Amino acid sequence: MVPYLLILPGLAWILFFFLVPLLSLVATSLQKRAGTSLSEGFVPALQFSNYTSALGEYFPQFIRAFLYAGIATALALVIAYPIAYYIAFKATKYKYLMLVLVIAPFFASFLLRTNAWKTILSADGFVVETLNALSLLPEDRILNTSVAVIFGLTYNFLPFMILPLYASLDRIDPRLVEAASDLYASPATGFWRVVWPLSMPGVLGGVVLTFIPASGDYINAQLLGSTNDKMIGNVIQAQFIVLRDYPIASALSAMFMFVLLIIIVAYIRRVGTRQLV
Amino acid sequence: MTEEKRKDLSKLPPELRPFLSRRAFLAAAGVTSAAAVAAACGARTSTDVATPVDAEITTEAATGTVVWSNWTLYIDVDDAGAYPTLDKFVAAESIDVDYIEDYNDNNEFWAKMLPLLQSGQPTGRDIVSPTDWMAARWISNNYTEELDKANIPNEANLIDALRNPGFDPGRKFSLPWQSGYGGLGWNKAKLKEAIGTEDMTSVDQLFDPRLKGKIVLLTELRDTVGVVMAWQGADPTDFTTDQFMEAIDFLQTQVDNGQIQQFMGNDYAVGLENGDITAVIGWSGDLVQLGEDFGFALPETKGNLWTDNLLIPVGAANKAGAERVMNWYYDPAIAAELAAYVNYISPVKGAEVEAAAIDPALAENPLIFPTAADLEKTFIFMSLTPEQEDEYNAVWQKLLGN
Amino acid sequence: MAADLNLQRLTREFGEHTAVDHIDLIVPQGTFFALLGPSGCGKTTTLRMVAGLEEPTSGHIRLGDRDITDLPAYRRPVNTVFQNYALFPHLDVFDNVAFGLKRRKVADVKKKVSEMLELVELGKMADRKPGQLSGGQQQRVAVARALINEPAVLLLDEPLGALDLKLRRQMQIELKRIQIEVGTTFVHVTHDQEEAMSMADTVAVMNLGKIEQMGDPISVYEHPKTAFVANFLGQANLLKGDIVGEENDHLVVDVHGVKFSVPRSEAPVHDGRIVIGVRPEKITVVDPGVTTLPKNQVAATVIDSSFIGVSTQYLVESPWGQPMIAFEQNRDPTDVARPGDPVLLGWEPRHTFGLDPDEDLKAGLQESVPAL
Ligand SMILES: Nc1ncnc2c1ncn2[C@@H]1O[C@H](COP(=O)(O)OP(=O)(O)OP(=O)(O)O)[C@@H](O)[C@H]1O
Ligand SMILES: [Mg+2]
Numbered sequence: 036m037v038p039y040l041l042i043l044p045g046l047a048w049i050l051f052f053f054l055v056p057l058l059s060l061v062a063t064s065l066q067k068r069a070g071t072s073l074s075e076g077f078v079p080a081l082q083f084s085n086y087t088s089a090l091g092e093y094f095p096q097f098i099r100a101f102l103y104a105g106i107a108t109a110l111a112l113v114i115a116y117p118i119a120y121y122i123a124f125k126a127t128k129y130k131y132l133m134l135v136l137v138i139a140p141f142f143a144s145f146l147l148r149t150n151a152w153k154t155i156l157s158a159d160g161f162v163v164e165t166l167n168a169l170s171l172l173p174e175d176r177i178l179n180t181s182v183a184v185i186f187g188l189t190y191n192f193l194p195f196m197i198l199p200l201y202a203s204l205d206r207i208d209p210r211l212v213e214a215a216s217d218l219y220a221s222p223a224t225g226f227w228r229v230v231w232p233l234s235m236p237g238v239l240g241g242v243v244l245t246f247i248p249a250s251g252d253y254i255n256a257q258l259l260g261s262t263n264d265k266m267i268g269n270v271i272q273a274q275f276i277v278l279r280d281y282p283i284a285s286a287l288s289a290m291f292m293f294v295l296l297i298i299i300v301a302y303i304r305r306v307g308t309r310q311l312v
Numbered sequence: 002m003t004e005e006k007r008k009d010l011s012k013l014p015p016e017l018r019p020f021l022s023r024r025a026f027l028a029a030a031g032v033t034s035a036a037a038v039a040a041a042c043g044a045r046t047s048t049d050v051a052t053p054v055d056a057e058i059t060t061e062a063a064t065g066t067v068v069w070s071n072w073t074l075y076i077d078v079d080d081a082g083a084y085p086t087l088d089k090f091v092a093a094e095s096i097d098v099d100y101i102e103d104y105n106d107n108n109e110f111w112a113k114m115l116p117l118l119q120s121g122q123p124t125g126r127d128i129v130s131p132t133d134w135m136a137a138r139w140i141s142n143n144y145t146e147e148l149d150k151a152n153i154p155n156e157a158n159l160i161d162a163l164r165n166p167g168f169d170p171g172r173k174f175s176l177p178w179q180s181g182y183g184g185l186g187w188n189k190a191k192l193k194e195a196i197g198t199e200d201m202t203s204v205d206q207l208f209d210p211r212l213k214g215k216i217v218l219l220t221e222l223r224d225t226v227g228v229v230m231a232w233q234g235a236d237p238t239d240f241t242t243d244q245f246m247e248a249i250d251f252l253q254t255q256v257d258n259g260q261i262q263q264f265m266g267n268d269y270a271v272g273l274e275n276g277d278i279t280a281v282i283g284w285s286g287d288l289v290q291l292g293e294d295f296g297f298a299l300p301e302t303k304g305n306l307w308t309d310n311l312l313i314p315v316g317a318a319n320k321a322g323a324e325r326v327m328n329w330y331y332d333p334a335i336a337a338e339l340a341a342y343v344n345y346i347s348p349v350k351g352a353e354v355e356a357a358a359i360d361p362a363l364a365e366n367p368l369i370f371p372t373a374a375d376l377e378k379t380f381i382f383m384s385l386t387p388e389q390e391d392e393y394n395a396v397w398q399k400l401l402g403n
Numbered sequence: 002m003a004a005d006l007n008l009q010r011l012t013r014e015f016g017e018h019t020a021v022d023h024i025d026l027i028v029p030q031g032t033f034f035a036l037l038g039p040s041g042c043g044k045t046t047t048l049r050m051v052a053g054l055e056e057p058t059s060g061h062i063r064l065g066d067r068d069i070t071d072l073p074a075y076r077r078p079v080n081t082v083f084q085n086y087a088l089f090p091h092l093d094v095f096d097n098v099a100f101g102l103k104r105r106k107v108a109d110v111k112k113k114v115s116e117m118l119e120l121v122e123l124g125k126m127a128d129r130k131p132g133q134l135s136g137g138q139q140q141r142v143a144v145a146r147a148l149i150n151e152p153a154v155l156l157l158d159e160p161l162g163a164l165d166l167k168l169r170r171q172m173q174i175e176l177k178r179i180q181i182e183v184g185t186t187f188v189h190v191t192h193d194q195e196e197a198m199s200m201a202d203t204v205a206v207m208n209l210g211k212i213e214q215m216g217d218p219i220s221v222y223e224h225p226k227t228a229f230v231a232n233f234l235g236q237a238n239l240l241k242g243d244i245v246g247e248e249n250d251h252l253v254v255d256v257h258g259v260k261f262s263v264p265r266s267e268a269p270v271h272d273g274r275i276v277i278g279v280r281p282e283k284i285t286v287v288d289p290g291v292t293t294l295p296k297n298q299v300a301a302t303v304i305d306s307s308f309i310g311v312s313t314q315y316l317v318e319s320p321w322g323q324p325m326i327a328f329e330q331n332r333d334p335t336d337v338a339r340p341g342d343p344v345l346l347g348w349e350p351r352h353t354f355g356l357d358p359d360e361d362l363k364a365g366l367q368e369s370v371p372a373l
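Just so you know, the protein sequences line up as chains W, P and U, in that order.
The opening position of the first sequence corresponds to residue 36 in the working numbering, with each subsequent residue numbered one higher.
The opening position of the second sequence corresponds to residue 2 in the working numbering, with each subsequent residue numbered one higher.
The opening position of the third sequence corresponds to residue 2 in the working numbering, with each subsequent residue numbered one higher.
FYI, nobody ran anything at the bench for these hints, they're computed from the structure.
Here the structure is a predicted model, which is why all the values come from computation and not from measurement.
Yeah, the Cβ is synthetic: ideal placement off N, Cα and C, and Gly gets one too.
Just so you know, not all the hints are guaranteed correct.
Distance ranges between label pairs, derived from CB positions [unchecked claim]:
id	chain 1	residue 1	chain 2	residue 2	range
1	W	E174	P	V91	52 to 62 Å
2	W	N167	P	V91	47 to 57 Å
3	U	F308	W	P38	45 to 55 Å
4	W	E174	P	D243	43 to 53 Å
5	U	A163	W	V135	29 to 39 Å
6	W	T165	P	I359	30 to 40 Å
7	P	A81	W	K67	48 to 58 Å
8	W	K128	U	A163	45 to 55 Å
9	W	V135	P	P387	50 to 60 Å
10	P	V354	W	V135	37 to 47 Å
11	W	I49	U	P78	39 to 49 Å
12	W	K128	U	E195	37 to 47 Å
The task is simple: from the sequences and hints, build the whole structure.
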């Protein structure tokens, strides 16, 4: 009996902080307008057309959110893996210093960090001048392009990728790597056959932890992108705050959560069921 | 996206704002809280319909402290981070002021206050500082206290141009704090490089193909669409939906052909400085602060005159104290001291004379002390019905990609 | 000489500390070689250098006539059974064992792995994960995983250290059986002197990065060349004395007035001071009156006796106050001497060995596993 009692607080927590808001979100998403203007509010209803019209209207932003987040997640993985690998296996003395450095950006506000990128990516900045000198920029700028948004997402959520990767790499016994090389695996083969599969829990965690906030983000698209780079988070934000069309905003949120859930579950099932330790 | 603030210069590099206190940075971070607000909204059955509030029940006993929510960087600050004009008030009137720079965005602040106002709870503020159109929303919903002019004798110093706005004829509920223009702003060097002149006078120049991808317009509907409509020949003080849509359609073509790089809040200032942006529809105060290398002008076809207003939320705990604060800032000497710092238009008669004593150049700056001829080149954007607001906001957000 | 393992002046320094100190060593092909020594003496470091996992500071490693010193680990025909097994936790038994074959693109992996699993009696466990195996089974997977590659040398770093005593004995027999069956050179590192002696053709005793003595188990045990080896490998009574004479190829050594004979060939010095030693099981313990004793004799007093079934172990005090130990075969359990009893100890001169007089009598004592 007692063990069951002990899960009650957790259950209550889930109920109040997850289930109730979720139900309320769904209920709001089905409301209809009380009058001719939005300021007259909404009344309970079962207006499922909120979903179809929202989706019809904002389909590009939906696709863009998942596309940009997907690219940013892939980039973050490519960038974060060597960093996490280095910290886990090579940094020895400086391990904790480096971990602190990874987390350090969190101490600055998200907004300020993103604004810092504006300066870094600005036309007179080093990055753009270099890329321009190499004629690598089709639009002669980075700011207010999709590239900047994806950069921003990658940068802002990089720690979410590094930390789980580090945690799983750090748990790998370095003697396994030695065992692989003892068994005729070159360093590259040893990595792919031993380190990589053993780090899958970290890859999985990092990808999920990066993809979720990146796909829902609106700050990066707002500050670094053009009007054609807006993501679903921007739409939801504008619907809630500016337009105050709560049913549409809620319908968008609900659909976003649902699609995200499907993507994450599909991903975890695909990758996660491969042998994890 | 929502209106960001013209006064928030926290994104400028440090050398441009030697006076800038740390609080400005902290306040800048507040925008992210919009997400939290959004979440809170979702959990509510929403009715924005005015709910009459019984002031007698909700009014708390006066405490002697006035709580004031204002925009960041919108008051004089000294090197020690104190507010000199406010400190003088506290000393003179023995009323404490809790000055909070948490008014980041009209819509966001409204979203934060609305649940409290609807349920008749106190907002915890004695003064709030919405822009005209948002002040209109507060007043039309009966969410403000009527001002007791007996406590505000200096109200007589209010300039005539601002006495009878459409949303509050006779200023029964509101008083202007500062005004400013939405007009043309540019980086002189970059402009010269692109089109061979250091001056802008017309909106035509903004849409010169040689500035392709180098112009940014404000995310604030009234500034951008107002300026464009006026340029197209419509009257922003009285226009039709067709005229509004014509402006939107035009802007859409300029987005699609790449002429417009982006729509931004006050952060266009950084872009102008960095050289990412050559010209903007921007705010006068920002460009004054940016300095010599940057220009601001009201377009020949007129620019937008906006005002941020002080008003007292219904059920405020210290209404009388709030009125004393308003009175204080309508003292010309105090108004001049303030104007010298914030670089926006003072609504107070006589401030110009006082300003000349502080710095003659200041008094001569038409962007701070406009002449009647200057004000001729401005319009005050038409008041919108709730239905119009819904409709225009929707197409506007669509244009912004949201 | 085909593929003898040959270490030449092999050295490894870690900063100031020399873990392996100019080792010279030849392990003939097909032999079972045991490297024995106390913790920290450099056994693992030596093995890792042979495997290619540690770079020598100086010296050479040769395999037959090939110098493999600079060959990376994955190119060396050498495989290791790691101390903790280091099995790949994400691969099942089959894939663990097949790992080396697949890397070398050997044909017939399946058949070879099945045969190897039969050899180590794990045929039924092929699709288990290492985490689902007992310690002994894991150990056999580790052996199979290394051995299947038919290495020129198999390195085993305390492979039995994690097992309980009974399983350890069983695995010792099994390992020896496998070694004889496949005929691969085994270099086996261990703390356990019994393990080393029972399994190996050759044992090397290592101390402080150097090899103290090397040879077949019997000769090393019976004829230790240093106090360290005498103490570390089993137990020994070491007595300090002076050479006072010589008779019939034997030196006469005076220890506090008592005379003992040592074969001349067993003594490193032939005059002056010397240390002599005798292993406890060589000593006969009798009542003082008995006269049918071997030549080396000394009277003593029993301090403690413990009857442990196969034998009785005595701790006695010599006339000059030095404690000595003696093991009596348990042929007649009725005449066990009690503490305080006077006894006479006797042993054959040929069971006596001589050591350098400057030897530290206590060397190798702390770390040695008490042989009980
Ligand atoms: N990577 C290293 N860095 C510094 N010192 C080391 C390193 N590896 C080993 N040593 C030192 O070298 C010496 C020999 O170590 P080694 O591991 O070879 O001992 P061992 O004989 O295998 O001991 P054990 O029986 O405890 O396994 C020890 O003093 C050890 O501290
Ligand atoms: Mg070791």
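Broken hints, numbered, in rising order? Those not satisfied are hints 4, 6, 8, 10 and 11.
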